[in-house]
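Sequences listed follow chains X, L, V, S and R, in order.
Counting in the working numbering, the first sequence tops out at residue 459, every number present.
Counting in the working numbering, the second sequence tops out at residue 1322, every number present.
Counting in the working numbering, the third sequence tops out at residue 2422, every number present.
Counting in the working numbering, the fourth sequence tops out at residue 3270, every number present.
Counting in the working numbering, the fifth sequence tops out at residue 4270, every number present.
Mixed in with the good hints, there may be bad ones.
As the list claims (entries may be wrong) - Some chain V residues near chain X, calculated using beta-carbon distances under 8 Å:
#1 F2060
#2 F2063
#3 K2158
#4 Y2228
#5 P2289
#6 I2293
By construction, these hints were calculated from the structure, which means they are not laboratory data.
Glycine residues also receive a C-beta, built at the ideal position from the N, C-alpha and C atoms.
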Amino acid sequence: MSLMLATIIILIAVGFAASFARSRVKGLRAGGARLNSLPNYHAAYVFLWGAVPALIFLLVWAPLQAMFVEQAVLATPEGMALPDTGFRPAVLAEAKALATGEISSAFNSDARALAPYFEAAIGRYSMIGAFIAFVVAGLGTFFSMRRVGVNFRARNGVERWVMGLLVIASMVAIFTTLGIVLSLLFETIRFFNLVNPIEFLFGLDWSPQLAIRADQAGSSGAFGSIPLFWGTVFIGAIIAMIVAIPLGLMSAIFLTQYAPARLRSWLKPILEILAGVPTVVYGYFAALTVAPAVRDFALAMGLSNASSESALAAGVVMGIMIIPFVSSMADDSIAAVPAAMNDGSLALGATQSETIKRVIFPAALPGIVGGILLAVSRAIGETMIVVMAAGLAANLTANPFDSVTTVTVQIVQLLTGDQEFDSAKTLAAFALGLVLFFITLVLNLYALRVVRKYREAYE
Amino acid sequence: STDSVSQLSVVGSSTVYPFTTAVAEQFENANEGVRVKVESTGTGSGMKLFCEGLGIDEHDAVNASRKMKISEFEDCQSNGVTDIVELTIGIDGLTLIQAQGEEQLNLTSQQVYEALAANPYGGEQTAQNWSDISPDLPNAPIRVLGPPPTSGTRDSFVELIMEVGCNANPAMAELEESNEDEYKTVCTKIREDEAFTEAGENDNLLVQKVSAEPGRIGILGYSFVEENLDKIQPVGLDGVVPTAETIGNLEYPAARLLYVYIKGQHVENKPALGQFVAAYKQAWQPGGMLGTRGLVALPEAQRAEADAAADGMTTLTAASFE
Amino acid sequence: MNSPTEKLGAAERWTSEAMQRRVKQRYAAERRFKMFGMAAVGLSVAFLAFLLVNMATNGFSGFFRTEASVTVNFPASDVMVDPASLEGDDARSILSGAGLRGAIREAAVDTYGEAGEELFGGSAVNALTDMLVDDPDMLMREVDIMLPVTSEVDLAHKGDGSAAGEALAALAAERGTIDTKFNWTFLTASDATNPGEVGIWGALVGSFLTIIVTMLLAFPIGVLSAVYLEEFAPKNKWTDMVEVSINNLAAVPSIIFGLLGLAVFLNFMHLPRSAPLVGGLTLALMTMPVIVIAGRNAIKAVPPSIRDAALGVGASKMQVVFHHVLPLALPGILTGTIIGMARALGETAPLLLIGMRAFVSSPPTGIMSDATVLPMQIFLWSDEVDRGFVEKTSAAIIVLLLFMLAMNALAIYLRNRFEQRW
Amino acid sequence: MNDTNTTTQDASTAPATNGPPKMRAENVDVFYGDKQAIKGVSIDIFDDKVTAFIGPSGCGKSTFLRTLNRMNDTIPSARVTGHIELDGEDIHAAAMDVVQLRARVGMVFQKPNPFPKSIYENIAYGPRIHGLTTNKAEMDEVVEQSLRRAGLWDEVKDRLEESGTALSGGQQQRLCIARAIAVDPEVILMDEPCSALDPIATAKIEELIHELRGKYAIAIVTHNMQQAARVSQRTAFFHLGTLVEYGETGRIFTNPAKQRTQDYITGRYG
Amino acid sequence: MNDTNTTTQDASTAPATNGPPKMRAENVDVFYGDKQAIKGVSIDIFDDKVTAFIGPSGCGKSTFLRTLNRMNDTIPSARVTGHIELDGEDIHAAAMDVVQLRARVGMVFQKPNPFPKSIYENIAYGPRIHGLTTNKAEMDEVVEQSLRRAGLWDEVKDRLEESGTALSGGQQQRLCIARAIAVDPEVILMDEPCSALDPIATAKIEELIHELRGKYAIAIVTHNMQQAARVSQRTAFFHLGTLVEYGETGRIFTNPAKQRTQDYITGRYG
Ligand SMILES: Nc1ncnc2c1ncn2[C@@H]1O[C@H](COP(=O)(O)OP(=O)(O)OP(=O)(O)O)[C@@H](O)[C@H]1O
Ligand SMILES: Nc1ncnc2c1ncn2[C@@H]1O[C@H](COP(=O)(O)OP(=O)(O)OP(=O)(O)O)[C@@H](O)[C@H]1O
Ligand SMILES: [Mg+2]
Ligand SMILES: [Mg+2]
């Protein structure tokens, strides 16, 4: 009997038990008793206790069983004959697939011989697993059925299960964070075995060109990440912000303080569209329309070596993308300043702009700064615009018409360009990812703290 | 399931990618129900993915802009991928380009090396204009747009032009014997000032940039040159102007062979794979579909060998790497 | 201090000339400031308009293709196919081996002379195949049909071609008819290497499957954790940690999720590369925090008085949440979810790292089969050599933007329709 | 007992109440975090009386009222000590299910808070979650009875499907009272039920309280002393978390025993 | 004049006020969108008197007060008709600059709203935007004077650099009064200035109002009738947007002419 079949049988049987519990409780109520919990709760209670532990057991059992089966198969003479290399798991997997009928013929010839053993072992162990699951389900059903009755607080029992579900759902976020840190950390540690972390973090020379492959030219690749981070900051935190901060801030001020309600209700969603446009579209726009324009402009200004992959083009487009982000953060911060401040200032005879400049803006400043930090963290993590429009040359330059490269561009290049897989170069992508993660983490945490603290101040 | 048997998966070089996709597309059109996925992962990680093992979920073929290395072959062997068929699909010429309408340049590998090396022959790089290198060359600033270090084209450029130019100096050839590391640095490191700019992997953009900027030289694969002859023209190298012909007979010095590797053991279970190889063979014949995409067909003798490998599914042995 | 004369002095102060001048200056400053604000909004809207118009004008022609007339005489051609055999499922396989390309070339030479050979390409073969499958009886007679020309001629006819293309277009116009038709193939076909034959259907299906996976995972998990955090979570270190990680995940660069997907789903769990399943999983992890945050805000906005009311008649906390709070918060949660989904739909960066940067020329058949998604298709096309891809890329962008706008409009509609003022 | 905690209870009023109290609070303290909001309050609430809680803003009236049906459990920082019983049962005992306690001790809030559902569903919600009815006819009956008792039936009987929030403020408040009645409670707690209403609606509610008296034990918080005088039989005066004085309404208003009560009633603060 | 609009004005009190009224409102209507919040109100406010506005919640007290310095201009939906004058000048006239009007008719709000700046800057803000001082010494003088008049100087003179929000509620409210005084207004409008304060702070503010009387014309909204009785010389009773009765405070509280006033004062509603 397969575990799948066992699962279905358990679900059906426990379902029957639950509906039986339901009708029994209904009968009690018809008899005039005032129930503590509604019949449906009793049914759910029985179902949960009957089915869930058994299913959890099966879930845990499945990988265990796979392990047992594999050991059993390896203990056979044919199994022992297999070499213990990367080859073995593939053969085993295939033999198993053959045994379960997932595939009809094998790629590895050894797999065919092993299939019957697999079939036997799987049969044996699934019987054991199914039996235990039945016992667990039976016990669960039996004991929960016994509690069903007028005064039994089935609802509380069911709610505890739901609570468990809620807790598990909320832990997904923790696991994701953990997953990110771990998956980046392992590769980063391997990278730091090859490259000195000090050189990586503080080196001024990013030029992995020399270390693509062992047999290729040169072996002393330079992995100084400062130029990448400079490029990231130059594009995301400087150029983009020069565009986004004034436009976003003044837009927010206009929309909150001056625009009539109707106009505001139109303009706000329109601005939000800017944030909704996919970044690949911005990237295309930057590469095809903005970058040539910027270059032409630079040439017209007499700058001869203007790059068509200028920091300016990518930065400006990124800034446009960030405008609504800045404006909605500023909007929130301004809205959080109590209307009483506005009234207080107007009542003294200040004009609206004086009120904004001298009272509202200073009061909202911490929130606005927090919002800008969040915007910066978004900008430095942005990928597609820079992949499509920024350059690959790791220049340490402050000339906006020059080409710079960013961390995200390098991650994409390192992981999808031509390279050898286990080289320091590939691993460097993960190290860059980890550093980027920590930078945005610190920025975000700090910014969120600022924003929240600031909001609480007025609540 | 029967469905996955007719799904083929190809990974590997971005240089070979356009050729394989073209074959795949035609192949799918001709065979209802067959699906071919081509992913551009780069040759290195393509090899790694390819050698992971046998099985329905494993990749069936890998595109390569260079020959498989013995280390990769051994990796494959240890994972049970023992029957590997090497298909040499054609030649790609690494080309220097300039804008259409300018006077056609003619450079030698040595001149290119001297202009672009970080430390030509171990000395300091001082050349700013082409005329600094040789008085015959125009008195114009050196401005080259080249592939980034992450691309296979860069490898080829270093291997096919830079090292050749470097070796023209006998002292350098000696250096290779005595101090290999030093040699590599001197011969393959490219300057990083404004004379050499790394372009993106988007070769189409590179074409546009070069065509828009007289005096600029670009480096890319020959297939792109044919597409865009209205905008750009090839630069002659060592006296040979790259054309389909000069590349085909390997007269052009910077030509390279492109490969596709196939898992022989998969052919048995996936009949589609065998048909795919046949379709590929069809496509690389002179006048075949790949020709129209800019791939130069192999010379007669080599092509016969490749045809034989495709027909007979000749597998590689360790001996083939000697 | 308070004599009437002093008061009078005070009143005079407001009417003095210096004060009047000062007031004028203040009002001028006020107007300037307001103008700045208006200019900022105007500029932002102008950027948006420019972007949209730019894409629309570039991409509009991508929805059309040029067709030229040709007369094919099947009985006289090399095409030897029995019309009856085309009734079955394998009609296309049969036709693909039937030498249609040659037939078209011959017909073109007949109509346009030697140069006409270059007029039609693969897209014409595909179009003719479609016609024959629809109407096999065409094989029995001579037919006058319109077939799509090669991409080069197409571009020339649309006014942006090479010299050779121009010549061919002129030839076609002179000797036959050449016309621009809506390009249905663009909506029904999948990726191809020839810009004349490409379509977005495969990518759309891929996007659809991916987004379904994303939604099925992210929505329930997001809503449940929002409920937990907002309604049940005790104030302690653990809850703080959950909150911090959710807020942080919402702002983690999307490419980091790609690295996570690569390490966990591909390298560790060995799920198939390029599959909507993996794309969906990765995007779900990215979208989930957005839903949690939107969900929490929506739940927070449900007034406590509703909770009190339900508790007051003896509902349990869980009943309060599931009977009252969640239904009332639902519009807000949905708004946030749609916006999160729209973002996921347009996301490219993380998918680059999990094998979706692939050439897949037929629509995926399930969440485990090879696929690409619309934004990835745009990225791939933007990288293509052939100039014909420029308009196709922009056309695909138009489609993607239409989806975005529709989803955003839906979110705004929901927000306005169900916005509650308590 | 220290000075601030001394409460004046009328010995005189005790005989007027027949039988044991419906609810009894003894020495109840309530803390919000470290802050003590209620200090050693003891009060009895009787079946057939309306008890009014008065006192200046922030003195703890609402807090104390909410301890009586454990609504304070929902505030994480709140902590209650002392003994409270309903019909002699400890309401904090393990055997006491808080959900059922709240069904037995209903509550009406300051701002009318109907569910944003139909009038019918507003009333039916309580009986449904408690499983008080088994079919639609029974439910219809319960809804009608509850609305009748709350004096709302005639006004809404033709529009039971309309949303409860579409009613006027006073109607909404009566709807909330009907909703509380529908689960057949024993005690009804009202926290400033009229403070958001206009005078006419206020008069209606006061009338309703008159009618409900005797059927339910009623405790009402009000900041309007005239209202307390009009509707209640017993009045408790709170100040800074302590119960200053508790006794028969007439006496409290005419002849308070404490200076603080006197000051409050004459408008010295609040 | 229809019934609801009939206002009782004391003829008897008129002689007690010397000279013309500081402000005069005639037949003022205020609309919020379609809804009329103030209906035909006419009132005079005198230089040396405190005028109290009382009435149940929502009757339009605040709305009317805000028309007096055109603060209602800041609410987009609000529309004012009728005639209001300050020292005989029409405040809606083109020649009247609203910015200066508000400097001359100061306002203090229900909740203290100091700017989140230093105490000094809170006071200096008004004089600075109006350019009332030319140097630091003058400004220091203005700040000190204003704080002295608001009775706050002694409490804050050593901490002028501290944030205004760090003060206690009562101090904040006095800071707001000082801020209003600093631009040397002629009228001060106060909208329930004590409702957010504790009794002690309330007493301080009431005392301050006593002291300011005579220097400024003062209008104060309050919901506390005892407070109105304590601080004002004239009282206006509003109900449902109309001015029901206006006259000398003593008379209004002891001998109202209207039944509605009577009802309100004795706590029948509100
Ligand atoms: N959730 C809470 N957390 C902390 N403190 C609270 C909370 N609720 C009330 N308090 C405090 O407890 C004290 C008593 O508050 P309560 O609401 O019981 O007063 P009240 O007499 O009902 O006042 P009001 O007439 O204004 O309703 C007050 O000081 C209040 O600030
Ligand atoms: N901004 C506004 N928009 C629309 N209606 C308003 C606005 N402000 C007040 N109102 C309405 O105008 C009427 C008068 O309100 P106002 O605030 O003047 O009353 P009030 O007497 O000050 O009451 P309270 O004692 O509660 O402060 C009320 O019905 C109120 O709902
Ligand atoms: Mg209260
Ligand atoms: Mg008011």
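Now the hints, each set against the structure:
Here the hint on F2060 (chain V) is broken, as its CB sits about 15 Å from the closest CB of chain X, past 8 Å. Contact between F2063 (chain V) and chain X, as hinted, is not supported at the beta carbon level, the nearest pair being about 17 Å apart and thus beyond 8 Å. A cut of 8 Å between beta carbons decides the hint on K2158 (chain V): the least distance to chain X is about 17 Å, and the hint is violated. For Y2228 (chain V), the suggested interface contact is upheld, since its CB lies about 4 Å from the closest CB of chain X, less than 8 Å.
With its C-beta approaching chain X no nearer than about 6 Å, P2289 (chain V) sits inside the 8 Å limit, and its interface hint holds. Violation of the interface hint for I2293 (chain V) is found here, the shortest Cβ-Cβ separation to chain X being roughly 11 Å, above the 8 Å cut-off.
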